[in-house]
Amino acid sequence: MSLRSPLGRARGLGSAKSGTEHFWMQRVTAVALIPLTLWFVYSVIALAGADYATATAWLQAPMTAVLMIVLIAATFHHMQLGLQVVIEDYVHGEGIKIASLMLMKGASLLLAVAAAFAVLKVSLGG
Amino acid sequence: MSNGDRPLSPHLQIYAWQWTMVLSILHRASGVGLAIGTVLMVWWLLALSDGLASFDIVQGLVAHWFGKLCLLGWTWALFYHLCNGIRHLAWDTGRGFELDTARNTGYLALAASIVLTVLAWIVGYSAMGGM
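Read top to bottom, the protein sequences are chains Y and C.
With this note's numbering applied, the first sequence corresponds to residues 1 to 126, in that order.
With this note's numbering applied, the second sequence corresponds to residues 1 to 131, in that order.
Bear in mind the hints are in silico, worked out from the structure with no lab data behind them.
Any given hint might turn out to be false.
[What the hints assert, rightly or not] Between beta-carbon pairs, the in silico distance windows are:
1) C/Tyr107 - Y/Tyr52: 40 to 48 Å
2) Y/Leu38 - C/Leu8: 39 to 47 Å
3) C/Leu69 - Y/Gly8: 26 to 34 Å
4) C/Tyr107 - Y/Leu110: 23 to 31 Å
5) Y/Ala57 - C/His11: 50 to 58 Å
6) C/Ile36 - Y/Gly8: 40 to 48 Å
7) Y/Gly125 - C/Ile25: 43 to 51 Å
No residue lacks a Cβ here, since even glycine has one placed at the ideal position from N, Cα and C.
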C-alpha cells in the first residue's frame, strides 16, 4: 500500500511519466488544422505554377503570413506528437528510442523555425 | 525488463485483413508521409525567401513529372489524414464504434479523400490554364 495520497500520485504521474497532455494537444492541434489545412490546400492550388513575384506577393499579405505561421506551429506540433507515438511503438531499445525521439523533436523544431523565418523574411520584405 | 514466458499478442500476419484495419494503418502511414512532405514545404518557403534563382530551382523540381507525382501523393495523404482524422475526433466523443458505422465511416473517409484529391487537381490544372 502506498502512503501517498491519490492527488500526490496523480501529480507524480508514476511510470506513465505524463498525463493526458499528449492526447489532448494532439486533438487541439488536429481541430485547428482542419480549417488551416483547407485554407493551405486552397492557397497551394491558387499558386499552382505561380511565378516568383506572384508567390512573394501572396506571402507578403499580412493575413497570409499570420495564417502561415499559425499553420506552421500547429502542423509541426501535431507532427512531432504523432511521430513520437510511431517511434515509441516501433523502437524498442531504451537508448535508441530516446536518441530517435530527440533527433525527431530537434528536426521538427528546426523545420518549424526555418519555415517561420522564411515566412517572416518574405513578409517583412527581406 | 525480461519478457519471460508471458503470453505474447499474435503477430500482425495472424489477423484476417479488414478494411477498418487497412484504413487505420493508412492513417499512420499517411501521417508519416506528410511529415516527409513538410520538408518540401519548408524548402519551398526557404527558396522563396532566398530569391528568384532558388525559387525557380524548386518550382522546376515540382513541375517535373516526379515532383508532380510526389505532390499528388501528398495531396491524397493530406486529404485522407484530414478525413480520417475527423473520423477519429468523432470517435473521441464516444460515437461511431458500432461495426457497421465504423466500416461505413471508413469507406466515407476513403471516398471523400479520393474525390477531394481529384477535385483539387482538376481545379489546380484549370487554374493554370490546362498546362
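How the hints compare with the structure:
At about 43 Å, the beta-carbon gap between tyrosine 107 of chain C and tyrosine 52 of chain Y stays in the expected band of 40 to 48 Å. The hinted range of 39 to 47 Å is satisfied by leucine 38 of chain Y and leucine 8 of chain C, whose Cβ atoms lie roughly 43 Å apart. Checked against the hint of 26 to 34 Å, the C-beta distance between leucine 69 of chain C and glycine 8 of chain Y comes to roughly 56 Å, which is inconsistent with it. Remark: the range hint 23 to 31 Å for tyrosine 107 of chain C to leucine 110 of chain Y is contradicted by a beta-carbon distance near 39 Å.
For the pair alanine 57 of chain Y and histidine 11 of chain C, the beta carbons lie near 55 Å from each other, so the given range of 50 to 58 Å is met. The hinted range of 40 to 48 Å is satisfied by isoleucine 36 of chain C and glycine 8 of chain Y, whose Cβ atoms lie roughly 43 Å apart. The beta-carbon spacing between glycine 125 of chain Y and isoleucine 25 of chain C, approximately 46 Å, falls within the hinted interval of 43 to 51 Å.
Against the hints set out earlier in the document, violations occur for numbers 3, 4.
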